[in-house]
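Chemist: Sequence:
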Amino acid sequence: MNDEKNYQNNPLHGISLKTLLIEIVDHYGFELLFAYLNINCFNNNPSIESAVKFLKKTNWAREKVEAFYLYQFKSLPRASDEQFELPPRDRIVPPNQAPGLPAELSLEDADRLREKRSTKAAMYDQEKSQRGGSAKRSPAYSNTPAGDSDPWAKWRK
124 MNDEKNYQNN
134 PLHGISLKTL
144 LIEIVDHYGF
154 ELLFAYLNIN
164 CFNNNPSIES
174 AVKFLKKTNW
184 AREKVEAFYL
194 YQFKSLPRAS
204 DEQFELPPRD
214 RIVPPNQAPG
224 LPAELSLEDA
234 DRLREKRSTK
244 AAMYDQEKSQ
254 RGGSAKRSPA
264 YSNTPAGDSD
274 PWAKWRK
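Letter by letter, the sequence shown follows residues 124 to 280 in the working numbering.
If you're looking for bench data, these hints aren't it; they were derived computationally from the structure.
Treat the hints with caution; some may be incorrect.
Stated by the list, open to error - Computed list of lysine-lysine pairs in DSS-like fashion (alpha-carbon distance at most 30 Å, straight line):
(1) K141 <-> K180
(2) K239 <-> K251
(3) K176 <-> K141
(4) K141 <-> K179
Said to hold, decoys possible - The calculated label-pair distances, taken between Cβ atoms and stated as ranges, are:
(5) E238 <-> E154: 30 to 38 Å
(6) S229 <-> N163: 16 to 24 Å
(7) L224 <-> K141: 20 to 28 Å
Just so you know, these numbers come straight off a predicted model, no measurement behind them.
Note that beta-carbon positions come from the ideal geometry of N, C-alpha and C, so glycine has one too.
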């Protein structure tokens, strides 16, 4: 797994968290980042410095932002299931995959995505309760409103 050539193909290789944030904030802005990622450091008095401070202390949030950077800002194809289990900085990007242009995102699309996630989570909770299992959410979702899961959190256990 430590094939240095493939590891260096990861756009996160050698980039600081502050530089990453500056790039995505300059392109998308704090409002759009909050709409897609639902991380309060992008909503309450947002600044690069406060976001970096929060993300350095909060692994789940940092990994969520790094995954957003890879798959939305750099438009890489979705990682294999095996690679998706790893934190974004540890993922091996195949040499034939090159970063593309940032995805075109909008607040309307963020609203639709949030509704889709909510519906999917409600169906999951309903199915789980019908099987007699607890409908309690996993710890990975404990910091987000019920049903507001994210597509980059699959690898969290």
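Chemist: Now look at each hint and say whether the structure bears it out.
Modeler: Results of checking the hints against the structure:
For the hint pairing K141 with K180, the CA-to-CA distance comes to about 14 Å; that is within 30 Å, so the pair holds. Distance hint between K239 and K251 is fulfilled; the C-alpha atoms sit about 18 Å from each other, no more than 30 Å. Distance restraint check for K176 and K141: the Cα-Cα separation of roughly 9 Å lies within the 30 Å cut-off, and the hinted pair is therefore satisfied. Distance check on the hinted pair: K141 and K179 sit about 10 Å apart at the alpha-carbon level, within 30 Å; holds.
Taking the beta carbon of each, E238 and E154 are about 18 Å apart, not inside 30 to 38 Å as hinted. At roughly 21 Å, the beta carbons of S229 and N163 sit within the given window of 16 to 24 Å. The given range of 20 to 28 Å is respected by L224 and K141, whose C-beta atoms sit roughly 23 Å from each other.
Going down the numbered hints, you'll see the structure goes against just number 5.
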